[in-house]
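> Residues per chain, in single letters:
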Amino acid sequence: DTGVSQDPRHKITKRGQNVTFRCDPISEHNRLYWYRQTLGQGPEFLTYFQNEAQLEKSRLLSDRFSAERPKGSFSTLEIQRTEQGDSAMYLCASSLSVTDTQYFGPGTRLTVL
Amino acid sequence: KQEVTQIPAALSVPEGENLVLNCSFTDSAIYNLQWFRQDPGKGLTSLLLIQSSQREQTSGRLNASLDKSSGRSTLYIAASQPGDSATYLCAPYSGAGSYQLTFGKGTKLSVIP
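So the protein lines, in turn, are chains B and P. Quick note on this note's numbering: the first sequence kicks off at 1 and runs consecutively. Quick note on this note's numbering: the second sequence kicks off at 1 and runs consecutively.
Hints listed in this document are in silico derivations from the structure and should not be mistaken for laboratory results. None of the values given here were measured: they were computed from a predicted structure. A portion of the hints provided could be inaccurate.
[Claimed, not checked] Restricting the straight-line Cα-Cα distance to at most 20 Å, the calculated cross-link-like pairs of lysine to aspartate or glutamate (DMTMM-like) are: (1) B/K57 - P/D84; (2) P/K42 - P/E3; (3) P/K105 - B/D24; (4) P/K105 - P/E17; (5) P/K42 - B/E28; (6) P/K42 - B/D24; (7) P/K42 - B/D86; (8) B/K11 - B/E78; (9) P/K1 - B/E44; (10) P/K42 - B/D63.
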C-alpha cells in the first residue's frame, strides 16, 4: 500500500493557461474524490467517482473544470483558462466504500499568476 | 446543508498537557465522522473514524467521542508532544445522496517544548 499519490506537487501557471493534475488512488479503492483547499479554510468537495463513473459534482466545479477517471484507475482534473481565484491546494482522496476512511494524497498546490 | 464549526481556532499548550478539541455540526443525521491532522503545506492524515453507532474511538494517545444527537464531537489528546503540532480537522459524512465530507476550518495546535 503506497498511499494516494498526486502529480505534480506544485504548479505555477499564468492566467488563461490550461493545467492538468493527476491522482493515483490506493490500488484496491474504487471510490475517488477531489477537494480544493484555500488558505485558512478546510477542504471543499469538488467531485466523486465510483469506478469510472462521476456520480457527484459540486457547484464549485464550474464549466472550466473537468475530471475524468478512465478505466476506474487514476483520475485527472483539468482546469481550462485558469484564473487567479483558482489558486489553491487540490487534494485527491480514495476509499474502499463511501462510509470508510478517506485517505488523502499530498495535494497539488496551484499558483496562478 | 451541513455546516461544521471547530473551536478554538487556535490553541497553544505546553508539552505534556492533555487537551480537547471541539467540533460541532448542524445536521445530526450522519453516518460517521473523521478526524484528520494536516501539517503545513501537506495533505490530510486520517486519525480516527467514528461510526454513528459508536460513542468513542481510541488510537494511542487520541480519543474521539461522538454525541450525534447534540451534533458534537471531541478529540482528546493525552500527554501532548511537540510533534502533535498541526491543524486538526473534523469532517462528518452525512450520506443522504451525497458522497462528500464536509470540513470545518480546523483547530491549529501548537505544543511548546
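> None of the hints should be skipped; say for each whether it holds.
Evaluation of the provided hints:
no., hint, verdict
1, B/K57 - P/D84, "34 Å, violated"
2, P/K42 - P/E3, "24 Å, violated"
3, P/K105 - B/D24, "26 Å, violated"
4, P/K105 - P/E17, "23 Å, violated"
5, P/K42 - B/E28, "24 Å, violated"
6, P/K42 - B/D24, "17 Å, holds"
7, P/K42 - B/D86, "18 Å, holds"
8, B/K11 - B/E78, "12 Å, holds"
9, P/K1 - B/E44, "13 Å, holds"
10, P/K42 - B/D63, "28 Å, violated"
Checked against the numbered hints given earlier, this structure breaks hints 1, 2, 3, 4, 5 and 10; the rest are met.
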